[in-house]
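Engineer: Spelled out from the first residue to the last, the chains are:
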Amino acid sequence: MSEFISPTLSYSLLSPILVVFAGAIIGVLIEAFASKSIRPIAQVSVSIGTLVLALVQVWRIRSSSSTTAAMGSVIIDGPGLLLQGSILIISIIAVFLIADTENFAAAPAAIPGSPEERESIARGQQVTEVFPLTLFAVAGMLIFPVASDLITLFVALEVLSLPLYLMAGLSRRRRLLSQESALKYFLLGAFSSAFFLFGAAYLYGYSGSISFAGIQDAVVGGTGNDVFLLIGIAFLSIGLLFKVGAVPFHAWTPDVYQGAPTPVTAFMAAATKVAAFGAMLRIYYTVFANAEWSWRPLITGIAIITMAFGSLVAISQRDVKRMLAYSSIAHAGFLLTGVIALNKAGLDASIYYLFAYGIASVGAFAVVTLVRDSAGEVTDLNRWAGLGKRSPWVATSFATFLLAFAGIPLTSGFIGKFSIFSAAYESGATAVVIAGVLSSAIAAFFYIRVIVLMFFSDPLEDATSVLIPSILTRITVLFSVVVTIFLGVFPSPLLDFISNIAIFIR
Amino acid sequence: MNYLTLIMAIPLLGAALIATLPQSKSLLAKQLALGTTLIAAVATIFMTTKFERSNTALQFVESYDWIKAFGIKYAVGVDGIALVLILMTALLTPIVVLAGWNESEGGRWSTKTFYILILVLQTMSFGVFAATDVFLFYVFFEAMLVPVYFLIGGYGSGERSAAAVKFLLYSLFGGLLMLASIIALYVLSGEQGGHTFDIAALSQLEMSSTTQNLLFLGFFIAFAIKAPLFPFHTWLPDAAKSATPGTSVLLLGVLDKVGTFGMIRYCLSIFPEASKTFTPLIITLSVISILYGAFLAIGAKDIKRLIAYTSISHFGFITLGIFAMTTQAQSGATLYMFNHGFSTAALFLVAGWMISRRGSSTIADFGGLQRVTPVMAWSFFIAGMSSLALPGLSSFVSEFLVLVGTFTRYPVAAVIATFGIVLAALYILIPVQRALHGPTEPGNENLKDLNLREKIAIAPVIAVIVVLGFYPAPALNIINPAAAQVVSQMGFTDPLPTHGGK
Chain A
0 MSEFISPTLS YSLLSPILVV FAGAIIGVLI EAFASKSIRP IAQVSVSIGT LVLALVQVWR
60 IRSSSSTTAA MGSVIIDGPG LLLQGSILII SIIAVFLIAD TENFAAAPAA IPGSPEERES
120 IARGQQVTEV FPLTLFAVAG MLIFPVASDL ITLFVALEVL SLPLYLMAGL SRRRRLLSQE
180 SALKYFLLGA FSSAFFLFGA AYLYGYSGSI SFAGIQDAVV GGTGNDVFLL IGIAFLSIGL
240 LFKVGAVPFH AWTPDVYQGA PTPVTAFMAA ATKVAAFGAM LRIYYTVFAN AEWSWRPLIT
300 GIAIITMAFG SLVAISQRDV KRMLAYSSIA HAGFLLTGVI ALNKAGLDAS IYYLFAYGIA
360 SVGAFAVVTL VRDSAGEVTD LNRWAGLGKR SPWVATSFAT FLLAFAGIPL TSGFIGKFSI
420 FSAAYESGAT AVVIAGVLSS AIAAFFYIRV IVLMFFSDPL EDATSVLIPS ILTRITVLFS
480 VVVTIFLGVF PSPLLDFISN IAIFIR
Chain B
0 MNYLTLIMAI PLLGAALIAT LPQSKSLLAK QLALGTTLIA AVATIFMTTK FERSNTALQF
60 VESYDWIKAF GIKYAVGVDG IALVLILMTA LLTPIVVLAG WNESEGGRWS TKTFYILILV
120 LQTMSFGVFA ATDVFLFYVF FEAMLVPVYF LIGGYGSGER SAAAVKFLLY SLFGGLLMLA
180 SIIALYVLSG EQGGHTFDIA ALSQLEMSST TQNLLFLGFF IAFAIKAPLF PFHTWLPDAA
240 KSATPGTSVL LLGVLDKVGT FGMIRYCLSI FPEASKTFTP LIITLSVISI LYGAFLAIGA
300 KDIKRLIAYT SISHFGFITL GIFAMTTQAQ SGATLYMFNH GFSTAALFLV AGWMISRRGS
360 STIADFGGLQ RVTPVMAWSF FIAGMSSLAL PGLSSFVSEF LVLVGTFTRY PVAAVIATFG
420 IVLAALYILI PVQRALHGPT EPGNENLKDL NLREKIAIAP VIAVIVVLGF YPAPALNIIN
480 PAAAQVVSQM GFTDPLPTHG GK
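For the record, the sequence lines run as chains A and B. Take the first sequence: its position 51, counted from the start at 1, is 50 in numbering that gives the first Met the number 0, and no numbers get skipped. Take the second sequence: its position 163, counted from the start at 1, is 162 in numbering that gives the first Met the number 0, and no numbers get skipped.
By construction, these hints were calculated from the structure, which means they are not laboratory data. We treat Cβ as the ideally placed atom computed from N, Cα and C, and that holds for glycine. Possibly wrong hints are sitting among the right ones.
On the chain A side, residues computed to face chain B include the following (Cβ under 10 Å) [unchecked claim]:
1) P408
2) F413
3) G435
Chain A regions said to be covered by chain B (calculated; three or more residues, Cβ under 8 Å) [claimed, not checked]:
4) 24–35
5) 419–433
6) 444–458
Only chain B is shown next, with the shape it has when bound in the complex (with noise of 0.2 Å):
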């Protein structure tokens, strides 16, 4: 069964019901959008229990000519670490469907193209991590901006289209580097014996030090940009306060995981040897991310930066995992990625439920919601409890595994990395004291708590968080053997832990 392909046509083929719909059936639109991503998340669910846990080698795997002159093919299958983050995907788009039911309104052109835009969007997004094929993975790469583009520039709010332009050229830049390492890959694929772009037959090209170095770079800086990661993250907090609520979750939550995925799958696996070169650059850039970004966030005013601050360190956090080279850290990276995707969904989520309700976003606008919106309130609360790893939330988990991992081979990093916590506590505790407790501000007395759509749209999120939370075994199971298998390709042993005192 064609499991992946099947997934991707899915939204495609939404989208094309929608585009035959006339301009005024807006409800209509809405209501097949959810259709078509529940149906999309029902198809990946059913797949994710036909994936075998045991087996490392890449599942669903399909492959045809595309480009033959070139030796391109459509070629896609799933390891876990690829298998949990299309998981994230499916499940993260409905929710962002339903969670934004009216988010379209504000926008410069229809209803029915915002949910056009988002049904693309995610058969982009399954493509990009399902690729074998690094031709097929760049194409996706770059033809997944156009829509984030338009969602950004047509639908946000403020300075909508200077934070569209400006995440789309620094994405464009760190595109084109890569496309550079992309040619120079299928040349030196040609001199030995053949183009290709399989991942698997470049991942043994030989390449001299410092070819490798600079190729590697080339996509480094590419995934860096996309992460983001310290200095490249100043995208960022632009486009997600302007963008849609729904469209920073898929913003942060699913796009910017491309490029930390991007990490694993291309950096580590093509080059080995030019990671270990660059990797005490790297996981000094990820703790700089982790505080820089803590930092910012406490200072943020805005509710939106702040989150996207915050992401900012999380993703150092995850980078600091994967460069780390155990395979806790590396399980616990991409649990991060998943267990991210989910906590940033119900923070942005809530957070843009209690702007539209408020018609602000400063935090120091709000005030005693506790007493006016309980529920809404309570949302805000687990998820910013999710957000600094409190144990018994999903985050806990990914965060300790990723610190303990790390520790066993960069004490010193990890030691510093652990502060990011101690902040973390602060840039949560911070706005849920000024937004949720206090004397009500004035203004804020007569809020709507959340309606039963937003409440349906929130559940499954704080419920995939707290369950995972307690019991994180389902999503480990499936991660920890391609991520051992990772941890080994690049020649790596865990470090037995050394016993102290005697």
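Only chain A is shown next, with the shape it has when bound in the complex (with noise of 0.2 Å):
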């Protein structure tokens, strides 16, 4: 009988995520004994508090680097610190756009047109349960990137995906579309995730391992069964793919982001996108980097295969939320592009992406909050005509998010795509490269439309009218455009950060 073996922690380096899970535990204890009249001030505060600390945490850890952190199951390096960082600079301002608690159902749990709801809406109920299941996800994300075994990674996986399901379905108005994405959403979701279990049990089969680095060996040695190898990677792979929601593992993106409230989908858009990438870049760099012949092929045709499909959709869309969502898809392809590199150009390109993007995703969602009539948010691209007249900063902003989308210069996404083709074209991959330039020329045509629909269209009869934005979206939106810009005109400071600590340690 072996001895039991006391856990060694390093809690200095876990220290973001241990703050991003007691903040969640004392949102819990919020919601269950404060006051009502407290509660959403002490729930906002406490957020982006844990937030803003954990971040601190992740600064003040920047340069170190460990594979021992949690007994091998989590690996502290560069490119996970970045990520990390950028999950929570993400957060915070996406908690910005959820503490507008109006946007939430008052309670949740009630049938949608049930008397209870009504009851509770009569009496001005409201539940903020929101923000602890914000803080979950958020210290799941912050696990995934950095996960260095199977388990942890899968553990880490579900801790982010159940509180985003649960949130899908808290919107106020249209209840039952909300409702319905969150049911669609969970329904896949457990089905992605039973693949990945299953790509799981197969890599251990191949490798008698679980850890990543056991893996890796097994890869690098090559006595294993490769049948084994190949259906552990694609059934993996199915499982991550499902995540950054590419083509055809797509069909719940607009859906989802549809239904669920503007502030989870912004707060969904950008940082599960950034802690799925990022889990897939050290996955690829790393543990199947040896077996690049199996699986380069495969993810290079998904990565056309998305760009042109997201890209291609997104134009027939009339509702604002269905393409931005397809505007995601077409973003999971070009982030993959950065995954088939495999390169240290490709790895830097990527998390720089991925921040710019997560941004500029959050700051375009913060906009779609403000547009409304008396029933709540007006997503019908139609009736956003001559919004450049009537509210000409609100409209300037997210024209320079989608400037930002299309990849124009002097914006972030023009470095980011820039970045992310030439590492892909170093690698050899001109293919995808070309197929991510055409897919954004189309691309381009329908950030253009709305441009065109916001600007240079007359506003319709009908009141659509702009909220005044309350002082915290305020700064998410002011915040996104200016880093938007900034990174566009001077992303050399960035770069230089990224490119000096983001190397992946095993």
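Quick one: dock chain against chain with the hints and give me the complex.
Structural biologist: Here it is in structure tokens:
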């Protein structure tokens, strides 16, 4: 009988994750015991305080690296910390949006249209469970890109996914649509988790190990059964590709983006992508790097289909949230280019792209929360006509984000696209680069159509009004605009910072 | 002295100043814009006097690291070709501001925004001609689409938003093809001694001929859309018709020159072999452009479309001159770019005044203007004569140089292109006859002649056209060494004229 080994944990290196978990638990306690009047403000301050504290912790340990922080199941290294930092920054500005609890159902557990629901609205009740849920999801996202064995990776995946399933169903308006999207997300997510586990089991069968280092040794040694390896890679990839919304595992994206409350969509679109691509980069760049013959052609194909499909289908969308959803699919394709590149430049470029895209995404959805009529947010694009005339600043901000998505120079999106495509070209993936450039041209079409609609069309008769943004929403939009333009004009500091510390260790 | 950065900063500062004005002070915004562009013009003229003509190296060079991780620099410098184009931009912008004093009033947004866009566009135009780093060039090349897009879509007339979108999508498509080529150059330079975007370093790259051909096409198509060359020209008539006259001047006079300038600066110097491979095709397209543009112009009923079509024909001449690979043709092409800027400016500005007075842009609605508004009619006449390259006016010199230079190497192309001159006479003389002469059309009797502001605006344009027509040496002295340099770098020597009869 083996002796019990007490775990040695490096609390200092794990502190960002631990802080967020602690904050989430405090949030649960507040929800349970605090009085109704102070609950919203307490929740917002706890959430933001927690995330800022975690960010400070990440900054403190920015140059550390360790494979033994949690008994070999977590690797703290440059790329992991950069991604954690990105997730935290994106989460902070997303929480600013979530703080506007007016978007969330008063009593989400009640059946839509039921007497209980009406009563809770009439009594002005408002639960604020979204904040601890957000923090739990953030904690999962923080672990996801630094996990270094398959079990930890799976647990992180579930910790980040389960709160998101719930959060998607919290919308105050169009309750049924929101609940439907939550259920879809949950069912498809459960399937993809099953695939993921299935792949993990095969990889264990192949290598006899669940740790990344063990699997990598088996891949390098090449003594195992390649069929197991192939099945393992394939099914693990399905689980990850589902999370990033790559074709053909993208079907949930438009429905969930549309149904979820917009602040949640913002959080989900930006932060989940960073976390999921973070994990993907680590797995493909280290564990499977020596088996590139088996996955690179496949991922190349998926990348090309994803960007082409996302760009083409986005053209026909009439709903701004669905359009942004398809645009996020196209961007998942561009980001896969960075995975295919499989070189240092590709890693740096992906991290930069994820951060730039995440910030612009949150900003874009923040603008969506502002355009309303008496029944709530207006997401029908036709009714955005003439927005530039009535609210020039809101429309200009949105145009900035769209130009960044389209990759116009002097925005962060352009530097991101340039760096990620050049890294892929350097690795010989010419086909992806050409497909990427052509998709960008198609994508530019629908981004520009929205700009035309906002600035060059006359407003319709029915009253779409722009909400006076709350101070927090205003900060989010302003911060996103400033970052988007700053990273387009002076990308050097961030690029150099990334390139100096983004080195995977194993 | 950092002249180039200085002249780029002046309009930007002016724009910032105008941005601080309250909406209501539109007159002050106009005056500030005029003042700024005049200061920029004076600074540019001063810079031109400091230019050493005989020196073929890049001058006023500046270079700072911008994005070190990719080897991207803020690097600017000019040779004779870039200098005359910058000079043209600097001279045309104040004229456009003065001539289109009330242009911004039919717009969707304020006067203030209009002039901010114009000034930002001027900065970017300087930048695009001055850049010696391909990445910097690309940034200006793409970013300048945004102000033009809003100028057409926000202040134009008719189907302005459709025209603006068409313009933007064509240009973006070309730009993205160029981006793919730029990425390839970046990677190739990384393989051959370190990432760089410096033109001089890139022209030393070793590429297989397939690579070179493909990358050349990426650049060339982008420039051919911009210029525009047949068959990439269809956006231009719409954009020119919908834009305000002033915007059209900047669009055809300055922006489109970026295409032809890019062919010289980037296609010829970075891909010399591919340029030679594609020369027959490009010469053919140029000749088609010359004739096709001319035929379309003859058939045009709308005066703004007519001017746009004549430009397609003229851009054919410019491209022909560039790819003929002789010193005369190369000098002629550059001089043509400069002259075309002024003759098109004159045509568009006068046409704009005619249209705003008459309320119609259909040629048939005019008639007998000669008697009602003699000054306006004479201005249009001179501008038209310059456009058809009448000897004694500036365009003649450049068109002649292009044809002579082309003839020594490609006689057939030159002979066919000469028909363009005959057609030019038709497409100019027909509108001149219909609009200026004949009986005064009903409704035209009370049109007002040019006022003092308009006379002051058009006078320098006509002066340039006449003076350079009689004495082109000042411009040619700047252009010739640079043009000769381009041709010799390509490994060509001018063929000696063959003497017949012996």
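Engineer: Tell me, in ascending order, the numbers of any earlier hints that this structure violates.
Structural biologist: Hint 4 is the one this structure does not satisfy, whereas the remaining hints hold.
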